[in-house]
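Under full-length UniProt numbering, think of the first position of the sequence shown as 1, with each following residue one higher.
In case anyone wonders, no lab produced these hints; they're calculated from the structure. Since we're looking at a predicted model, the values are computed, not measured. Treat the hints loosely; a few may be bogus.
Said to hold, decoys possible - Here are the computed lysine to any residue pairs in the SDA-like style, where the Cα-Cα straight-line distance is at most 25 Å:
1. K171 - K227
2. K176 - S120
3. K227 - R142
4. K10 - K225
5. K171 - Q133
6. K144 - K63
7. K10 - D130
8. K171 - E200
9. K144 - V131
10. K99 - K143
11. K53 - P26
12. K10 - R103
13. K176 - E207
14. K53 - L40
15. K144 - R103
16. K171 - S123
17. K144 - V203
18. K53 - D68
19. K10 - L22
20. K227 - K143
21. K65 - P26
22. K63 - E11
23. K227 - D148
24. K144 - S120
25. K204 - D6
26. K53 - L22
27. K171 - E216
28. K144 - L22
29. K53 - K65
30. K225 - Y202
31. K99 - V81
32. K176 - S123
33. K65 - K99
34. K10 - G66
35. K171 - S120
36. K171 - K99
Claimed, not checked - Using C-beta positions, here's what the derived DEER-type ranges look like:
37. V121 - E98: 38 to 44 Å
38. E200 - I124: 39 to 45 Å
39. T167 - R193: 50 to 56 Å
We put the CB at the ideal spot given by N, CA and C, even for glycine.
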Amino acid sequence: MAIDHDRLFKELIQTFFEEFLLLFFPDMHEHIDFSHLSFLSEELFTDVTAGEKYRVDLLVETKLKGEDGLIIVHVENQSYVQPSFPERMFIYFSRLFEKYRTRIVPIAVFSHDTLREEPSVFSIEFPFGDVLQFRFFPVELRKKHWRDYIRHDNPIAAALLGKMGYTESEKIELKKEFLRMLVRLELDEARQRLLLGFFETYVKLSEEEEQQLQREVKEMETTEKEKMLELIISYEQRGRKQGLEEGIKRGIEQGIKQGMKQGMKQGMKQLIRNMARKGMKVEDIARLVDLPEQDVRELLEEQGN
1 MAIDHDRLFK ELIQTFFEEF LLLFFPDMHE HIDFSHLSFL SEELFTDVTA
51 GEKYRVDLLV ETKLKGEDGL IIVHVENQSY VQPSFPERMF IYFSRLFEKY
101 RTRIVPIAVF SHDTLREEPS VFSIEFPFGD VLQFRFFPVE LRKKHWRDYI
151 RHDNPIAAAL LGKMGYTESE KIELKKEFLR MLVRLELDEA RQRLLLGFFE
201 TYVKLSEEEE QQLQREVKEM ETTEKEKMLE LIISYEQRGR KQGLEEGIKR
251 GIEQGIKQGM KQGMKQGMKQ LIRNMARKGM KVEDIARLVD LPEQDVRELL
301 EEQGN
């Protein structure tokens, strides 16, 4: 099943919007009045030239401290490499400005795993002068090292550890530090579950790695150890319960499909037999029911079934 990256990032950043700005844009955070905050409905734009539709990820209406006018913060998650992305950001900006006629702060979160130089400028230039220099604020997660963020008591930092730069050999330690951060944050169950689900989507440990993680946590000599073990066990239990429920659901669906298939087969048998009783030839029946003649003959021979 494909991961809906945009939905996951939207839910995370919308839940922890202030913490997101504090972590990555502290200067911007200083100027925003978070007592005036509302999330706007999604905007859908059609790219007529490319024939594609794009949905803006997150729009936040707010104010700057000491000012009366509203501003809009637009946050866009980019989960794949797209050379034309700066142009798309400009198109979003221009259409949002056309609609709202207010100042807009454009932010792009690059969450793909490719290490590359992501341009944050879209320009239109001529030999005789520049027409446009549009800039947006970038967050390139893969270029950030996870160890630089484990001392932050910030839920966004915890969740995004799994999208930052780390190696396969660091996965167990990465998850251990994530759990340590989660314990320190002392969030309510719903927000804790959101962070756990987000992190687990992108950092998947094998069963052997999970067992090693538990061993390492048990050997810790800190006050966080017991709560970290509780998190691991409770999440495993939820995973087993979810897996059981999913298995039951699939079993029911499979049973219904099998029942329908058997019912259709029985109905087809009865129809063919009725046609044969009325004296129709096998080739004519096969043509009418769209089956090979051999299948029709076999169904007619199964009189005892």
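Results for each hint:
1. K171 - K227: It holds: about 20 Å lies between the C-alpha atoms, which stays within 25 Å.
2. K176 - S120: Violated - the C-alpha atoms of S120 and K176 are around 34 Å apart, more than 25 Å.
3. K227 - R142: violated (29 Å)
4. K10 - K225: Distance ~31 Å between K10 and K225 Cα, so the pair is violated.
5. K171 - Q133: Violated, at roughly 41 Å.
6. K144 - K63: violated (29 Å)
7. K10 - D130: Violated, at roughly 35 Å.
8. K171 - E200: holds (11 Å)
9. K144 - V131: violated (33 Å)
10. K99 - K143: With a Cα-Cα distance of about 34 Å, the restraint between K99 and K143 is violated, given a limit of 25 Å.
11. K53 - P26: violated (33 Å)
12. K10 - R103: holds (21 Å)
13. K176 - E207: holds (15 Å)
14. K53 - L40: holds (19 Å)
15. K144 - R103: With a Cα-Cα distance of about 29 Å, the restraint between K144 and R103 is violated, given a limit of 25 Å.
16. K171 - S123: Violated - the C-alpha atoms of S123 and K171 are around 40 Å apart, more than 25 Å.
17. K144 - V203: holds (16 Å)
18. K53 - D68: Given that 25 Å is the threshold and the Cα spacing comes to 34 Å, the pair is violated.
19. K10 - L22: Status holds; Cα separation ~17 Å.
20. K227 - K143: Roughly 31 Å between the alpha carbons, so the hint for K227 and K143 is violated.
21. K65 - P26: Roughly 14 Å separates the two Cα atoms, so the pair holds.
22. K63 - E11: holds (22 Å)
23. K227 - D148: holds (23 Å)
24. K144 - S120: holds (17 Å)
25. K204 - D6: Judged against 25 Å, a Cα distance of about 19 Å means the pair holds.
26. K53 - L22: violated (32 Å)
27. K171 - E216: holds (13 Å)
28. K144 - L22: holds (16 Å)
29. K53 - K65: Outside the cut-off at roughly 35 Å; violated.
30. K225 - Y202: holds (24 Å)
31. K99 - V81: violated (28 Å)
32. K176 - S123: violated (44 Å)
33. K65 - K99: Given that 25 Å is the threshold and the Cα spacing comes to 24 Å, the pair holds.
34. K10 - G66: violated (28 Å)
35. K171 - S120: violated (30 Å)
36. K171 - K99: violated (45 Å)
37. V121 - E98: 38 to 44 Å: Violated - the Cβ-Cβ distance for V121 and E98, about 21 Å, lies outside 38 to 44 Å.
38. E200 - I124: 39 to 45 Å: Holds: the Cβ-Cβ distance is about 43 Å, inside 39 to 45 Å.
39. T167 - R193: 50 to 56 Å: Violated - the Cβ-Cβ distance for T167 and R193, about 28 Å, lies outside 50 to 56 Å.
Checked against the numbered hints above, the structure breaks hints 2, 3, 4, 5, 6, 7, 9, 10, 11, 15, 16, 18, 20, 26, 29, 31, 32, 34, 35, 36, 37, 39 and satisfies the rest.
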